Amino acid sequence: MHLRLLVPLLLLASACTMADDMKQTVSVSGSGVVTAPADRAVVHMSVVSRSKDLDSAQSGAAKVTAAVLAMTDKLGIDKKKVDTTGATVRPDYRWNRETEEQELRGYIAERQMTVKVDDLDKLGKLVEGAVGAGVNQVSPPQIDSTRRDEAHREALSLAAKDAQANANVLAESLGAKLGKPISISDSSSTPPPPMPHMRMATASMESDGAATYNAGDLTFTATVNVVFALEN
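Note that numbering that gives the first Met the number 0 gives residue 68 to position 69 of the sequence shown, counting from 1, and the numbers run on in steps of one.
In short, the hints are calculated from the structure, not lab data.
One thing to keep in mind: the hints can contain errors.
Stated by the list, open to error - The calculated PhoX-like cross-link candidates involving lysine-lysine, where the alpha carbons are at most 25 Å apart (straight line), are:
id, residue 1, residue 2
1, LYS80, LYS51
2, LYS51, LYS62
3, LYS79, LYS121
4, LYS78, LYS115
5, LYS124, LYS78
6, LYS62, LYS78
Unchecked claim - Just the calculated beta-carbon pair ranges, DEER-fashion:
id, residue 1, residue 2, range
7, THR84, ASP216, 43 to 51 Å
8, THR84, VAL226, 43 to 51 Å
9, GLN111, LYS160, 41 to 49 Å
10, VAL130, LYS51, 36 to 44 Å
11, GLU102, SER58, 22 to 30 Å
12, LYS51, LYS80, 31 to 39 Å
13, SER184, ALA69, 49 to 57 Å
14, LYS78, VAL226, 49 to 57 Å
Note that the structure is predicted; figures quoted are calculated from it, not measured.
Glycine is no exception: its CB is placed at the ideal position from the N, C-alpha and C atoms.
Let's have the full structure, built from the sequences with the hints guiding it.
In structure tokens form, the structure reads like this:
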């Protein structure tokens with residue numbers, strides 16, 4: 000008899016506790032946006048040299064690499080910011096339809112280079128100088144900001160305050176008082192840095208006519224999800 004009464008009472012208590020928990024919390028999200036000036040960039044480039052003999056292919060790639068190093072040194076870019084260690088060499092085959100066999104045409108030597116630029120005013124000269132030195136491919140510069148971490152934290156702080164303001168509105172609308180946060184989660188996703196716009200400078204703007212890059216500001220957005228306790 001006592002067991003029959005105990006089970007329904009336990010179920011009722013559990014149900015009341017679950018319902019009470021749902022009534023005592025409010026879940027909200029908040030967002031924050033911060034801008035920071037773009038002040039640095041990373042440029043990836045490569046040179047491909049083809050020749051019938053291996054030594055010529057390698058020397059061709061090495062010659063261009065040396066020219067790029069001399070150019071970056073002239074621009075005042077720290078040698079520690081220039082990486083030229085990526086290198087590959089492979090045979091160059093061609094399919095012969097008559098013999099239905101692969102024929103060795105020669106060799107392909109490739110050098111990959113990465114340059115970190117801390118002064119965006121040098122970016123245009125770097126790209127043009129690399130192409131002039133014989134670089135075959137230059138990827139679009141990856142623009143970034145030295146304030147990235149700081150800006151992200153500022154955006155998080157704004158997002159948290161925005162979430163609290165949203166929770167206050169909901170709580171006051173329901174005649175409740177906002178309590179302490181129970182859980183906080185960051186659902187931000189870092190977008191890839193935007194590509195800069197390139198324009199050819201006029202003679203009045205640049206005496207040497209080098210291309211310049213207008214990177215502008217970078218936008219950092221943060222989103223947080225917060226669960227607050229509600230007090231009667």
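Holds or violated: LYS62 to LYS78, with C-alpha atoms at most 25 Å apart: holds, 17 Å
Consistency of beta-carbon spacing, LYS51 to VAL130, with hint 36 to 44 Å: violated, 25 Å
Holds or violated: LYS78 to LYS115, with C-alpha atoms at most 25 Å apart: Between LYS78 and LYS115 the Cα gap is close to 10 Å, so the pair holds against 25 Å.
Verdict for THR84, VAL226 (Cβ pair) under range 43 to 51 Å: holds, 49 Å
Verdict for SER184, ALA69 (Cβ pair) under range 49 to 57 Å: Once the Cβ atoms are compared, 51 Å apart, the range 49 to 57 Å for ALA69 and SER184 holds.
LYS124 paired with LYS78 [C-alpha distance capped at 25 Å]: Roughly 17 Å separates the two Cα atoms, so the pair holds.
Whether the CB-CB distance between LYS78 and VAL226 falls inside 49 to 57 Å: holds, 52 Å
Given pair status - LYS62, LYS51, alpha carbons within 25 Å: holds, 17 Å
Straight-line alpha-carbon gap LYS79 to LYS121, limit 25 Å: Given pair LYS79, LYS121 holds - Cα atoms ~16 Å apart, limit 25 Å.
Distance restraint evaluation - THR84, ASP216, Cβ atoms, bounds 43 to 51 Å: Cβ of THR84 to Cβ of ASP216: about 33 Å, so the range 43 to 51 Å is violated.
31 to 39 Å as the expected CB spacing between LYS80 and LYS51, which holds or is violated: For LYS80 against LYS51, whose Cβ atoms are near 36 Å apart, the range 31 to 39 Å holds.
Restraint check for LYS80 with LYS51, where alpha carbons must lie at most 25 Å apart: The hint is violated at about 34 Å.
In this structure, the earlier hints numbered 1, 7, 10 are contradicted, and the remaining ones agree with it.
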